[in-house]
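> Given these sequences and hints, build the entire structure.
Keeping their order, the protein sequence lines are chains G, P, V and Y.
The first sequence lines up with residues 1104 to 1490 when you count with this note's numbering.
The second sequence lines up with residues 6 to 184 when you count with this note's numbering.
The third sequence lines up with residues 1181 to 1458 when you count with this note's numbering.
The fourth sequence lines up with residues -15 to 79 when you count with this note's numbering.
By construction, these hints were calculated from the structure, which means they are not laboratory data.
Be aware that one or more of the hints could be misleading.
Said to hold, decoys possible - Residues from chain G that face chain V, not an exhaustive set, calculated with beta carbons under 8 Å:
#: 1; residue: Asp1133
#: 2; residue: Leu1162
#: 3; residue: Leu1168
#: 4; residue: Ser1172
#: 5; residue: Ala1173
#: 6; residue: Glu1198
#: 7; residue: Ala1332
#: 8; residue: Gly1333
#: 9; residue: Asp1341
#: 10; residue: Tyr1350
#: 11; residue: Pro1351
For clarity, every value in this text was computed on a predicted model and none was experimentally measured.
For glycine and all other residues, C-beta sits at the position ideal for the given N, C-alpha and C.
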Amino acid sequence: MSDQERVLTGSHFLLGDHACAEGAMAAGCDLFAGYPITPSTETAERLALRMPAVGAIFLQMEDELASMSALVGASLAGARAMSATSGPGFALMMENIGMAAMMEAPCVVVNIQRGAPSTGLPTLVGQSDMMQCKWGSHGDYEIVAYSPSSPQECFDHVIKAFNTADRWRIPVFVMADELIGHMTERVVIPPADQIPRVERKRPRHKPGDPSFLHCLAEDEDLVPPIVHAGEGYRVNFDSLTHDEKGYPATFPDPHDRLVRRLVNKIRLHTDQIMEYEEIFLDDAELAVIAYGSTARSARRAVNEARKDGIRVGLLRLITVWPFPENKVRELSKQVKAFVVPEVNLGQMSRETERFTSLPVIGVNHAGGVMMAPDPIFDTIREVAKNA
Amino acid sequence: MRHDIRVAGFGGQGMLLAGLLIGKAAALYDGKEAVLTQSYGPEARGGASNADVIIDDDPIDYPLITRPDYFVAMFQEAYERYRPVMVKDGILLIESDLVKPWPDEGPYRGIPATRVAEELGRRIVANVVMVGFFSGATGLISAHAGEQAIRNTLRPRLVDLNLKAFNAGYEYAKKQEAS
Amino acid sequence: MPEILVEAHPIDAVFRTDRLPHIFCPGCGIGPTMHAYAQAILESGIPKDQHACVSGIGCTARVPGYMDVDSYHTTHGRSIPFALAIALVKPEMEVTVFSGDGDLFGIGGNHFIHAARRNVDINVICINNFNYGMTGGQAGPTLPLGAKATTAPYGNTEPPFNLPYLAAACGAVFVARWTALHVRQLKDAILRAMQKKGFTFIEVLSPCPVGFGSPNDIGDAIEEVWLYRERCVVNHDAYLPDLEIDLRRKDVPFVMGNFVDIDKAPFDPLAMMKNKGE
Amino acid sequence: MAGVSVRQPLDRKAVRIPRGQLYIIPERCKGCRFCIDFCPRDVLVETTEMNAKGYHYPVVAEGKEDECIACQFCSILCPEFAIYTEETVEEESVE
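As structure tokens, this is what we get:
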């Protein structure tokens, strides 16, 4: 294996954390800024080795506050920028995740979730940052989060994350978990020219054009073109509420206009962003919704239940955010109940409840061990019996 | 068909590498599916360390092992800890100098992997000797795949030694069968 | 010749004039420092397009919004890692952090010490007005012992930071302190900082009539500036631990100067790769 | 803003005395008095006029019309960028 190449085309037997790193490499990540934290450290270690060899910048920052700030700075200077962390570090990043949303700075954060709250279970699995991911920073804003169920998806989702971030000018998260981060499986890396790449929308105006308003979204997608440092536009990026020119405008009307656009550019385009996998849902009377490592156990439980003649299907989330609310509404007309297993005490199950009046039965564990198939299977059988 | 393999030793014995070579051989060179997970204590050396590998012809959903079908024990404590959870009629492989099976133990196979490694000049390759032994004794990974995994995992200057270690373990298994 | 009344200023060329007048209080020291920075930009010979100005939050942090360069008004305390990233991604750019004492040394202190340690190629201009001005005059990490603030109504009991000493200890290659009255020396120091590779730091003692002058019975900005004028001495070779500012001890001067000017390789994350080839 | 430049013969004993023309932007002034207090030649005083915000901006004091030497200290010190000087050159012969 040559470490000198950006894209290690071929089949590999890769750790999930390393697959995240290779996804970043393949996506053309220019700058990584992070702070070592279990169980995400192997991503940083791999990039520390890989990035300098191709002339990209690897930074071990003093903390996650700095890491996230550096991501926004790098992004607005034109770089594809990423960090990797786990719950405690993710919490520290929240402040500047808000800044990334406000300045519309595309960037990617991988969160290898561990047991929480607080220092919690550093080396053991958790899925309890799902709501922090969506609502962690202050204010209304929208993000996109992917949830890989395998090292292959760690690789694939990081690439998707960069493209989604650049397409919509938002921070995008890859919400893996310790189990996926620390498991090793085959990862197939395609040839470099087959790695999908979405370029950022760039201004049509030349530098110095006084009619250019760099925070004005002229297109239907509500995404303004991005200008990078040093290109001669000499514009202001502000964490304060700002007007279309980028100037501070701390008044109710411009605030509503800006925040509504930041939210709507995602909410109105969820169909283009959202991804999920449907397994045995066609004739299902019962739907399991699962993501990350838990989706693997859910798949086994569903297979076992099918063998027992239970008509159960699996909606496996690829994007946890945006949540497939329309799919849940649609399934609500078909199934009798939802079963939502997750390694937390009920996060996405509550989100499911928002879009259905049917029973939503959580299968929960606070963390430290992967959700086993048995409790999911038992719940499926129980619910099927009563339904 | 799914095969759950647990390779257990103490930290520093290279159990993770052993698991990685088995999984990589299966996933990349034998055309099968394989998953490797690991667990270890907080100490870097000396604590219990095991690598769990699943090899299957079909994609693997649940990646954890609760009851191994194949159990490789590299020292006594690992044997005593995990032997009880091995499935009935599971296949047991031991480091025969370091593990003394219980009197009621059924059939098993052993190799003095550390001593074999020492004879090759480096006790550190005992893990790879065991991988070779595993390949020879179980046939779950082919010798060719094991060798490929070694070539594509280890640093070039270590490849020859490790290939020797693998082959020593593999041949030991084959001779054992013949005798 | 009598004065001529006009509507524009030559230095406007470096400002976003559509945003003037700025929001700073009458007599605030940020204005003169901004002017010195603008003048240094003009004299640097580096085109405006290649300057970036980054700030955190606070009064001083509003400066980038008025500068006609690429500007970034970031979150409280986090300007330095933001600037660091721009400087690394666009090494041809002259990146200056322009922020206040509370932002840079209270909430952002950790980033300052690490950027200085790394010798990142950025300039940090700190307006030190001894308090959190924008939020209404609370005690900051540079408030002199005994001085009053809204959160130190009986007088500050905490020893303040000696910023030049701190910056030098962390490894800055250029360290200076001037006041908002020493505008020429200040401009020269900023220009010097722009010419240097590596982490440079300039502290600017600045009047804050509302947050600091008033509670400490100094009076208006003009009186505070007179205080600097009377107490300041210039000593480029000063012993850095002696640079503490104590308002109560009239026998202890406020020492100004360009205290550190050394050369060290600036931070380059790819340095080891480049050395490999040699 | 360039001043008038006059070529001087080499053989002539003359020194150039810079003279300054003051420019003031009344609406920017916030009345801090920095320019007045710190003008090295004490050229400026507050006007009795008020700008829109009620501040008395600086003007050249009576009798000081020839005192400004265009040192530009007021210009760089003014927190509001409300004042500047330009150099005009006059010649004075010196014995």
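> Does each hint hold? Answer for all of them.
Evaluated hints:
Hint status for Asp1133 of chain G relative to chain V: holds, with the closest Cβ pair at about 7 Å, below 8 Å. For Leu1162 of chain G, the suggested interface contact is upheld, since its CB lies about 6 Å from the closest CB of chain V, less than 8 Å. Taking 8 Å as the C-beta contact cut-off toward chain V, the hint placing Leu1168 of chain G at the interface holds, the least distance being around 6 Å. Satisfaction of the interface hint for Ser1172 of chain G is found here, the shortest Cβ-Cβ separation to chain V being roughly 4 Å, below the 8 Å cut-off.
For Ala1173 of chain G, the suggested interface contact is upheld, since its CB lies about 4 Å from the closest CB of chain V, less than 8 Å. A distance limit of 8 Å between C-beta atoms decides the matter here; for Glu1198 of chain G the minimum to chain V is near 6 Å, and the interface restraint holds. Residue-level restraint check for Ala1332 of chain G holds (minimum Cβ-Cβ distance to chain V is 5 Å; threshold 8 Å). Checking Gly1333 of chain G against chain V: minimum C-beta separation of about 5 Å stays under 8 Å; hint holds.
Because the beta carbon of Asp1341 of chain G sits about 5 Å from the nearest beta carbon in chain V, less than 8 Å, this interface hint is met. Satisfaction of the interface hint for Tyr1350 of chain G is found here, the shortest Cβ-Cβ separation to chain V being roughly 6 Å, below the 8 Å cut-off. At a threshold of 8 Å, the smallest CB-CB gap from Pro1351 of chain G to chain V is about 6 Å, leaving the interface hint in force.
Comparing the model with each earlier hint shows no violations; every hint is respected.
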